[in-house]
Every structure is written in C-alpha cells, then in structure tokens.
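S.K.: Here the protein sequences line up with chains A and P, keeping their order.
According to my numbering, the first sequence is numbered sequentially starting from 1.
According to my numbering, the second sequence is numbered sequentially starting from 1.
If you are wondering where the hints come from, they were derived from the structure by calculation, not from laboratory data.
All residues carry an ideal CB built from backbone N, CA and C; glycine is no exception.
Wrong hints could be hidden among the right ones.
Derived DSS-like pairs (lysine-lysine); straight-line CA-CA distance at most 30 Å [said to hold, decoys possible]: (1) P:K556 <-> A:K323; (2) A:K559 <-> P:K376; (3) P:K167 <-> P:K112.
Computed from the model, here is a short list of chain A residues facing chain P with C-beta under 8 Å [said to hold, decoys possible]: (4) L143; (5) V314; (6) Q330; (7) A364; (8) V384; (9) Y388; (10) I431; (11) I438.
Reference listing, derived: stretches of chain P covered by chain A, where coverage requires no fewer than 3 residues with Cβ under 8 Å from a Cβ of chain A [to be verified]: (12) 315-325; (13) 420-432; (14) 465-478.
Number of protein chains: 2
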Amino acid sequence: MSNVIENICSTELSPEGSAIRKTFVKGTLYPIEVGMKTLSLSRTYCCGEHEFSSFPLYDTSGPFSDSSISIDPEKGIPAVRDRWPFPERVTEPSTCSAAPGTLSTRIPLRAKQGHGITQMYFARKGIITPEMEYVAIRENQQLESWTASFSKGGHSFTPFTPEFVRKEIAEGRAIIPANINHPELEPMIIGRNFRVKINANIGNSALGSCIEEEVEKAVWACRWGADTVMDLSTGKDIHRTREWILRNSPVPIGTVPIYQALEKAGGRAEDLSWELYRDTLIEQAEQGVDYFTIHAGILLRHLPAADRRMTGIVSRGGSIMAKWCRVNKQENFLYTQFDEICRILQAYDIAVSLGDALRPGSIADANDEAQFGELKVLGELTKVAWGYDVQVMIEGPGHVPLHMVEENMQKQLEYCHEAPFYTLGPLVTDIAAGYDHINSAIGGALIASHGCAMLCYVTPKEHLGLPDRNDVREGIISHKVAAHAADLAKGNPVAWLHDELMSRARYAFAWEDQFNLSLDEERNRKVHAESLASGGHTEKNPDFCTMCGPDFCSMKKSKEVTAIR
Amino acid sequence: MSNVIENICSTELSPEGSAIRKTFVKGTLYPIEVGMKTLSLSRTYCCGEHEFSSFPLYDTSGPFSDSSISIDPEKGIPAVRDRWPFPERVTEPSTCSAAPGTLSTRIPLRAKQGHGITQMYFARKGIITPEMEYVAIRENQQLESWTASFSKGGHSFTPFTPEFVRKEIAEGRAIIPANINHPELEPMIIGRNFRVKINANIGNSALGSCIEEEVEKAVWACRWGADTVMDLSTGKDIHRTREWILRNSPVPIGTVPIYQALEKAGGRAEDLSWELYRDTLIEQAEQGVDYFTIHAGILLRHLPAADRRMTGIVSRGGSIMAKWCRVNKQENFLYTQFDEICRILQAYDIAVSLGDALRPGSIADANDEAQFGELKVLGELTKVAWGYDVQVMIEGPGHVPLHMVEENMQKQLEYCHEAPFYTLGPLVTDIAAGYDHINSAIGGALIASHGCAMLCYVTPKEHLGLPDRNDVREGIISHKVAAHAADLAKGNPVAWLHDELMSRARYAFAWEDQFNLSLDEERNRKVHAESLASGGHTEKNPDFCTMCGPDFCSMKKSKEVTAIR
Numbered sequence: 001m002s003n004v005i006e007n008i009c010s011t012e013l014s015p016e017g018s019a020i021r022k023t024f025v026k027g028t029l030y031p032i033e034v035g036m037k038t039l040s041l042s043r044t045y046c047c048g049e050h051e052f053s054s055f056p057l058y059d060t061s062g063p064f065s066d067s068s069i070s071i072d073p074e075k076g077i078p079a080v081r082d083r084w085p086f087p088e089r090v091t092e093p094s095t096c097s098a099a100p101g102t103l104s105t106r107i108p109l110r111a112k113q114g115h116g117i118t119q120m121y122f123a124r125k126g127i128i129t130p131e132m133e134y135v136a137i138r139e140n141q142q143l144e145s146w147t148a149s150f151s152k153g154g155h156s157f158t159p160f161t162p163e164f165v166r167k168e169i170a171e172g173r174a175i176i177p178a179n180i181n182h183p184e185l186e187p188m189i190i191g192r193n194f195r196v197k198i199n200a201n202i203g204n205s206a207l208g209s210c211i212e213e214e215v216e217k218a219v220w221a222c223r224w225g226a227d228t229v230m231d232l233s234t235g236k237d238i239h240r241t242r243e244w245i246l247r248n249s250p251v252p253i254g255t256v257p258i259y260q261a262l263e264k265a266g267g268r269a270e271d272l273s274w275e276l277y278r279d280t281l282i283e284q285a286e287q288g289v290d291y292f293t294i295h296a297g298i299l300l301r302h303l304p305a306a307d308r309r310m311t312g313i314v315s316r317g318g319s320i321m322a323k324w325c326r327v328n329k330q331e332n333f334l335y336t337q338f339d340e341i342c343r344i345l346q347a348y349d350i351a352v353s354l355g356d357a358l359r360p361g362s363i364a365d366a367n368d369e370a371q372f373g374e375l376k377v378l379g380e381l382t383k384v385a386w387g388y389d390v391q392v393m394i395e396g397p398g399h400v401p402l403h404m405v406e407e408n409m410q411k412q413l414e415y416c417h418e419a420p421f422y423t424l425g426p427l428v429t430d431i432a433a434g435y436d437h438i439n440s441a442i443g444g445a446l447i448a449s450h451g452c453a454m455l456c457y458v459t460p461k462e463h464l465g466l467p468d469r470n471d472v473r474e475g476i477i478s479h480k481v482a483a484h485a486a487d488l489a490k491g492n493p494v495a496w497l498h499d500e501l502m503s504r505a506r507y508a509f510a511w512e513d514q515f516n517l518s519l520d521e522e523r524n525r526k527v528h529a530e531s532l533a534s535g536g537h538t539e540k541n542p543d544f545c546t547m548c549g550p551d552f553c554s555m556k557k558s559k560e561v562t563a564i565r
Numbered sequence: 001m002s003n004v005i006e007n008i009c010s011t012e013l014s015p016e017g018s019a020i021r022k023t024f025v026k027g028t029l030y031p032i033e034v035g036m037k038t039l040s041l042s043r044t045y046c047c048g049e050h051e052f053s054s055f056p057l058y059d060t061s062g063p064f065s066d067s068s069i070s071i072d073p074e075k076g077i078p079a080v081r082d083r084w085p086f087p088e089r090v091t092e093p094s095t096c097s098a099a100p101g102t103l104s105t106r107i108p109l110r111a112k113q114g115h116g117i118t119q120m121y122f123a124r125k126g127i128i129t130p131e132m133e134y135v136a137i138r139e140n141q142q143l144e145s146w147t148a149s150f151s152k153g154g155h156s157f158t159p160f161t162p163e164f165v166r167k168e169i170a171e172g173r174a175i176i177p178a179n180i181n182h183p184e185l186e187p188m189i190i191g192r193n194f195r196v197k198i199n200a201n202i203g204n205s206a207l208g209s210c211i212e213e214e215v216e217k218a219v220w221a222c223r224w225g226a227d228t229v230m231d232l233s234t235g236k237d238i239h240r241t242r243e244w245i246l247r248n249s250p251v252p253i254g255t256v257p258i259y260q261a262l263e264k265a266g267g268r269a270e271d272l273s274w275e276l277y278r279d280t281l282i283e284q285a286e287q288g289v290d291y292f293t294i295h296a297g298i299l300l301r302h303l304p305a306a307d308r309r310m311t312g313i314v315s316r317g318g319s320i321m322a323k324w325c326r327v328n329k330q331e332n333f334l335y336t337q338f339d340e341i342c343r344i345l346q347a348y349d350i351a352v353s354l355g356d357a358l359r360p361g362s363i364a365d366a367n368d369e370a371q372f373g374e375l376k377v378l379g380e381l382t383k384v385a386w387g388y389d390v391q392v393m394i395e396g397p398g399h400v401p402l403h404m405v406e407e408n409m410q411k412q413l414e415y416c417h418e419a420p421f422y423t424l425g426p427l428v429t430d431i432a433a434g435y436d437h438i439n440s441a442i443g444g445a446l447i448a449s450h451g452c453a454m455l456c457y458v459t460p461k462e463h464l465g466l467p468d469r470n471d472v473r474e475g476i477i478s479h480k481v482a483a484h485a486a487d488l489a490k491g492n493p494v495a496w497l498h499d500e501l502m503s504r505a506r507y508a509f510a511w512e513d514q515f516n517l518s519l520d521e522e523r524n525r526k527v528h529a530e531s532l533a534s535g536g537h538t539e540k541n542p543d544f545c546t547m548c549g550p551d552f553c554s555m556k557k558s559k560e561v562t563a564i565r
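Input sequences plus hints: build the corresponding full structure.
M.R.: Here it is as structure tokens:
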C-alpha cells in the first residue's frame, strides 16, 4: 500500500518541473501554517486593477502534496494541530477500552469535566480559535485585496476574517468539524457563506474492497479535492480501517456509527441497544472521527407515511432504526437519548450531522410528508445540540425533481434555524443509473446555488455497485464542477477570479495555464496532446483551438476582427 | 464502414433475446408508421389505476433498430416519407449543378412557384400534415390514457393531439425541421410544450476525422438518443460527407452553411459573397438539410461591444461574419439578404436556426450588451421568416453562471416571440475542461426546465479536441439526463411514468427492468455483473442492492419494516 500512496503523492501531486508548488501562509493570531497549491502562470494577467502572475489554489491534499515531507502511511501523517497552542482548551486523557489496533501511541483526550471545548463554545464566548483563523486564511486564499475590490451585480464582498468565521459558528450557520483527537486535520469550514464543499464516501461493503484500498481511496479523494471523507465501512475490520484512514487524513472524517453498532449486534437491527451504540460512539470519538451522522429524527409517527411511499426508506441508517422501532415497539433511542449523545460529542468537539433517514428514494416520494415531517424534528434536535455547544449540520435528499429542489432549501433554512445543509445530490431523475454523478451534479449545483453548504458526491456506480478509483475521481470532479458553479452563482470573488484567469488564458492560447487552472490538469494535458498529435501538429502551444483547427478557430478570428478596428 | 454500422445495428440495438423490440404505431389520418422501442417488463407494475407490463421508449434510431430491415449504408436507409401522400404539397423537380457525388439518383424537389409547402404554411391554413400526426404519436408514446389521467402538483395534461401540434407550429412555438428532400427522415418536433430534445454535433475538422467516421458517428449518435444531428464539417469532402450522412439519417440534419461557403472562398472570410453563400444554401437545400444555422443577427453596431469583451466572439460563424463586415465595411449580408434567404428556405421547407454569433464565451461576458443586442435582432428576423412561413428556432449561449440562466430564457421568450430556444449548454463555469459535458448538463437542465426546447450536447472533449465515439456517447447521455430532468420539472406525464417504473423496478430488485429503463442499458448491465462477480455472488437477480450488499440494503430492510406493520 505504501508504494501506491507514495506514487499518488510524488508523481501525481508534484510532478517534476510543475508550475504548481506547495506554499504556506502563516497565521497572525496563532503559529499556524495554511497549505495551498500555488500556481505560477506563464504570463501576467490583468484583471481590472489587479495583476496576477500566480494563483493560489485551495488545497485539500494536505502533506500529500508537500514534497518536503516523506510519508509513511503505516505511521500516519504529521499531527499538525498538536503544535498549536490551545490556551483555553482544558482536556484530560481518556482511554477507550474498545480500541484495538490503534496505529498511534497517542492517548485520546476529552474535555475535562465542566469545561467547554467545542468550536461553538469558544465562538459564543467571543474567542477565536486556531481553527477559525486557519479556515479564514483558507477561504481567502491570500486574495483579500481582490475580494475587497470585487463587485458583481451590485454586490460587494468583505474578506473572510477570523471574526466573521467566529460569528458564523456562534450563530450556528457554519461548522468546523475538528475532533480534538484528529490532530492530523487541516481545519475547513462548512456553511453557506463560505466556499461550497464536497464530501466523498468511501468504505468497504460485504461485496468487496479491503483496508488498503480504502486508505488509498481516502488519499486519492483528497488529491482530487474532497473536502471531507465519510468512512461508511460495514464489513470486517471496521475499527482498523477507520484508524488507518484517520491517521492518514488531512480532511475531516465522518462516519455513521450505527453501521458499526449493527455489526456488534450481529447484523440484527432489533438487537441494537443504546448501551451498544453509546460505546461505539465513544470508541469512534476517541479515534478522532470529526462528525457523526445520527438518524435521530425518524420517529414511530413517521413510519406510516414511509409505508405508503413508492420506495419506502432508502437510507441505510434510517431503515435500521425503523426496524428497531417497529420490532421493539419503542421510540428511536437516538432521539430519546439525544441529550446523552450531545454530552459525548461535546467532550471531543465532534459535529453532528443529523441524518435524513426519510430522504426520498424516488422522484415520486420527493418533498413528501415523511421527509418534511422528519426535517422538522431535525430542527428541534438542532436546538438541543446547540444547547450543548455541539456544532450541527443537517443532511438532505435524495431524489428530487428540479422544480422541487428550491423548496428543500427553503424548508431546511426555516425548520433548522439556518444550520448548514449537506445534501446527497439531489438526483433530479431516477433513470440515470451509470450517469448518476451527472444527475447528482445537476441537482447539487442548483441546491448549492440556493445555499446548500456541502454536497455529498455520487459516483457513476451509484445504484449499481461500489466505486473504484476512477469512479471516485469522476464523482469528485463532477461535484466540484457543481460546487464551483454554485460559488459563482453566489458571487464568491475567488471563484470569479478563477474563471476570469481561465478565460484570459483560453483567449491567449496559454495552454499550460488552462491545464493548471482546470479541475483535472492531468487529464486535460493528456487529451490535448493526443488531439494535437492526431492532427499531425508538433507545436506544444499552438495559437489556435484544437477543437476547430487553425482555419476555423473563432478566437483567433475574433482577435483579427478586433485588430481591424 | 458498412461492417461497422452493421455492427452497431445488429449487436447493439437488437441483441438476441432482448426484452426490447421494435414496434410501430399506425396513424389514423395518414398511412404512417411511427417506430418505437417497446420494452417488455419482467413483471406487471401498478401505477395508480394503470397497469404496465411493457413500456414504449421514444426511439431516435430509425431503421437501425429494426432487425427486419437490412441496411446498405452506401445506398442509404429507406425513404419512408416518399410513401406518404401529400395531397396539398405542390412541388417540381429541381437540379443543383453543384451536387457532385450524390448517392441517390433521386431528383431534388422544390416548391412550385407560388405554392406554400412548409409545415408552418399548412399549420396556418389549418391543415394537419403527415409529419404533424407523426410527431403527435411520437410524443404520446401510445400513452394517451396515462397522460389524460396524469396529475402532478395540481396540473393536468392533455394528450398531444395532431391538432395541438398544428396549433403550436402555426403560432411559431414549435417546429418540425423536415426538408422535402430528406425522405429518410422520421419527423420530430422542437418546442417547449413537447419533450425536450438534444442535438449532437459531428463533423470533421482540419485536425482529424474522415467521412466514414462521421457517418458512423451520426448512426452512433442516433443509437444513443440524439434527436437531431448537426454536421459541422469544415475540411475536405464537405459535400460528400453530408450526402452520406443525410442518406443514412433518420433524424433531422442541421448545418452551418457559412462553413462550406468559407471553404469555397479559399478560407478568406473577407472574400465571401452573397452569391457564393446563396449557391451553397441551394446546394445543401437540394441535398436535404433540414435546418440551417444562419448568423444573420450580428451587425456592425454590435462589434464595439464585442471588442470590449473578455473572450470576444467565440462562435465560428460569428467570427467569420464579423471579419467580413469589418474588412469590407459593410453590413452582414446574411442580414441584408435575409428575405432572399427565406425565399430559398421556403421552397424546401428548411427551418432556420438563428445563430447566436455573440454568445458569451466566458462567465464574465454572460448576458452582456453584445449578446442581448443580437438577441433583439434575432427577434426581428423571426418575424421576417414567419412572413414567409419559414419555421424558426433561436440559438442561445454559451457560458452563463447559474443565477443568470433564467434571464436568458425570459429575454428569449420576450424578444423572439416564443420561437423555440436551442442552447449550447449553457456552461455554468469556465474551468471544467475535460468535464464540460457535466458543466453543460447542469446549465442545460436548468434552462430546459424554464422552457428551452432543445439542448446542443457538449462532449468531454469541449475546449480540448474533437470527440471520439465514446465522447459522443457520454455527451449524448449526459444531455439526455438533463433533458429528462427538465421534462420531469415541466410535468411531462410520459417522463414521470418512466421514472415511476424505474423506481418500482428498483424497489422490486427487478434488475433487468432497471437496466432496460435506464439511459444506457448496455453499460449498466455490464457494471452490475462486474460488481456481483467481484463480490463472489452468482445470482443474476439478487434481492439486494449491489452497492450496500445483502446485510445493509436499505430497501430490503425497508420492506421488512413495512411487513411488520
């Protein structure tokens, strides 16, 4: 495995002679260093009053794109956060008895009794944490002066300050998922007033995959731009898989703890218990999981509406809890024990992602009584979690036709008090199997443009099987297209600059800049070279577009037209 | 070549033992037979009060999916329309001197002097043509009773009658591009009150491709669902390429005649002339081209605004005409001679697709003065064409950020008197090279949901090179996802039924039905089999989803939950 990951890092992230190099921006409040990929452009582009000969790219790949660091995946990546001072964070060692096969020798921490340690706790106290300064620098990408002068359609923008970050977190509109036991993490923020994020799911299932593959997939996902990764493993070695992933992950890791609890219950949903679940939460909390999906909003009273649906319950966690409730004739223990759950999350600063157990699994079930009934309960639980200073996001659908997408966002904002929305798609048709990454990108772009903060990727294998390496890449990039399109629609100045530089490079036939500014420089460089070669051209940077050829290139002609003036 | 096309037809369209067979629905007004692919479902599904054990799929592949017809591409496909009676259509033979290498021995027809023959002419006279009945049957897909009873969100629907088709054409809201010299055509309709259509571009450029490949691409495009095909050839053998494509095409063929005219002018835009262009129009008209893109709306007064743009003029036809205007210091001859052009189109019933020479080539140029200035002129020209009973559609952008997409549709409806809109994308970001089919599907789904009638596909090679066979397939299916998503959003009852059947099949684990109801049954069957095999499963139709495996299948559990009730 080590070889494979080394390969991802060295040859694909930092090719010899590449125009992209890893750079770091230091904090002013804290001794933090925020990593970026800085692209040296082949020429200087004038954008309004600003000149750019380089462009900093938001970088999710952490130390894997830093050629100065040699990584041994069996030891994990550097624990950067351990070097940061947390004057206010009062913790104590904790030991989880259920943690076999831990890679690190580090003793897990938890909040000392009576002390708040979550980002929301500090934000509400008016305290800016190192994580808040980190994400502020990251969102600005060093482009504060551009952002401050940017104006599109009458809007003007304020650079993302640490204070702005603090305020958004204090008011519940954004979260920084950052378990104190995940020191390898490079903090990131999820909220609708920031760059739209994407999540990539990985995880073995009974039908395939192994630990090595999963860790490789996590690194691979970060390399292509996943902002968070969910480990949805359900097979053997759940604990060890997660440990390997966490110790090698610069991005937040999310899980659905009910999956592991179900394994512990021998696969019988009806045999689950609060105690078993609680122990699983603590086990994962001490490993460093940054956010938990918890299906606490599906209640007995929602089930009749779900029974009447075309495709019932399509959330795995939701179907498990529904079965538990019906067999045991009891209310969902994730709901009845939600205060207890919050006390656990609070002690490690784990964010809760309130699961949409009743998300529609077909166009016909979209925006129905079951779905919106559960969403209201998620809104109640949001307030409960906030009572413990636990950061919250809300999961969303699912299958929703285009004209019903906006209503999802409106209702979520209304019912859930503006907590960040995190959606799977939505898929805008049921018939796109094999192309569901595109299906999901369509719905995702639209809902994110209306304010959804994070999109869960869907790969071409959705509805058919488990994604392989190439599916992960396709799934991530298609959702990065969607997320970026939404950033443009919301007027994010950094996104607008990115497109402006790309278009200026395109009009200037600056091919290398085009490749480097695109979402998949590797593929584009290769495709373009093949196109040129098949046309018998030997220039590497021809001054015409390879689609139309030299005689019919519109941009070449357009320049001639302007020159005649 | 013959072998390759035979192969596309026989093995891929009508696999032995397939549940999909070619069926025909007869007209009641005319002796027409409308071909469909009828899918036999593995079980009977109840949808409301209706039961379905089969489902008719809209079929663009013509005789290529009819195993009873043997095709010799060197002779062309059967001239079905020649068998239809046109009592009112008064034509006379015409000979085009500039038509070397014609495959057919058929003498081209044109309207007899003083006689109207266009679909719009007949529609306005209150006459239903065979083509109108054909498209009415096609849009209903034999599902009139379902359509009549369908109601979603308070809307109810009237089945598409031939009279409704006639009225839409008479009022300019829809067109049937059907040159009387394209007898191989199976008519289709483009208008916002019908199923959203997609166009696939093919065409050699100086950098590659050959005639055989282009014909194969056209057949391949029809096989995957292209509703029309544009032949954008610019290299050698333009005439012969087009002849081969037309004689083998069951879908309307569009061209941009200025490309061939430019070749005739030795590649020098400034040397173009009206006479040269007019002869090219007639040459192509007599071959049977069904619609022409004509960049008649770009005027001298628009050029200063285009000069100020970030990416100037990115339409090939637009940049050619702009150069001609500036060098010759004259107004666009396509504009000044537009009446003359209409008289030619009128004589063959060719539709005009008014080109958007000033479509934005970057996000920064979207919805600008140049673009909307030209759109207003296209609105004036629409009225001129309608004066000659020439059917019109309007081409649209281009690069447009998501939040500015709807304005394009609104302005188009307002300026162009509800003539159908036909857009390229729009692409919602500039940075998605390599993934522009997804970029375009996002913008396309949105604009089509607001009323755009046809989407021009974009392939993964956009901005990089010429599409190959696989790019064509990816480009078509991604835009079929977009078009179908828009049909759902607009409440098309046939689209809703399609999704309902898919979801019922999915919930029933009826895998074969799922494959057949999806947009790419071939890929899905293969991917699913590989997923099962890699998990060591030997059943062909397991009762669990191959993504989650048998123990974590939510739909399996969901049914158990409902059973407990």
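S.K.: When I compare C-beta atoms, does the segment 315-325 of chain P have three or more residues closer than 8 Å to chain A?
M.R.: This one holds; 7 residues, not fewer than the three required, reach chain A with a Cβ under 8 Å.
S.K.: Next item in the hint list is I431 (chain A). Is there a CB on chain P closer than 8 Å to its CB?
M.R.: Check passed: Cβ of I431 (chain A) comes within 5 Å of chain P, closer than 8 Å.
S.K.: Take the C-alpha atoms of K559 (chain A) and K376 (chain P), compute the straight-line distance between them, and say whether it is at most 30 Å.
M.R.: Roughly 25 Å between the alpha carbons, so the hint for K559 (chain A) and K376 (chain P) holds.
S.K.: With a cut-off of 8 Å, does the beta carbon of V384 (chain A) approach a beta carbon of chain P closely enough for the hint to hold?
M.R.: Violated, because the Cβ-Cβ distance from V384 (chain A) to chain P comes to roughly 26 Å (cut-off 8 Å).
S.K.: For the segment 465-478 of chain P, do three or more residues have a beta carbon lying closer than 8 Å to a beta carbon of chain A?
M.R.: holds (count 4)
S.K.: Do the alpha carbons of K556 (chain P) and K323 (chain A) lie within 30 Å of each other, as the hint requires?
M.R.: At roughly 11 Å apart (the allowed maximum being 30 Å), K323 (chain A) and K556 (chain P) satisfy the hint.
S.K.: Verify the interface restraint on L143 (chain A): the C-beta must sit less than 8 Å from at least one C-beta of chain P.
M.R.: 16 Å, violated
S.K.: Verify the interface restraint on A364 (chain A): the C-beta must sit less than 8 Å from at least one C-beta of chain P.
M.R.: Holds, because the Cβ-Cβ distance from A364 (chain A) to chain P comes to roughly 6 Å (cut-off 8 Å).
S.K.: Does the nearest C-beta of chain P fall within a distance shorter than 8 Å of the C-beta of V314 (chain A)?
M.R.: 5 Å, holds
S.K.: Closer than 8 Å, Cβ to Cβ, for at least three residues: run that test on the segment 420-432 of chain P against chain A and report holds or violated.
M.R.: Held - the segment 420-432 of chain P has 5 residues with a Cβ nearer than 8 Å to chain A, which meets the minimum of three.
S.K.: Closer than 8 Å between Cβ atoms is the bar; does I438 (chain A) clear it against chain P? Give me holds or violated.
M.R.: 5 Å, holds
S.K.: Going straight from one Cα to the other, do K167 (chain P) and K112 (chain P) come out at no more than 30 Å?
M.R.: Measuring from Cα to Cα gives roughly 25 Å; hence the hint holds.
The earlier numbered hints that this structure contradicts are 4, 6, 8, 9.
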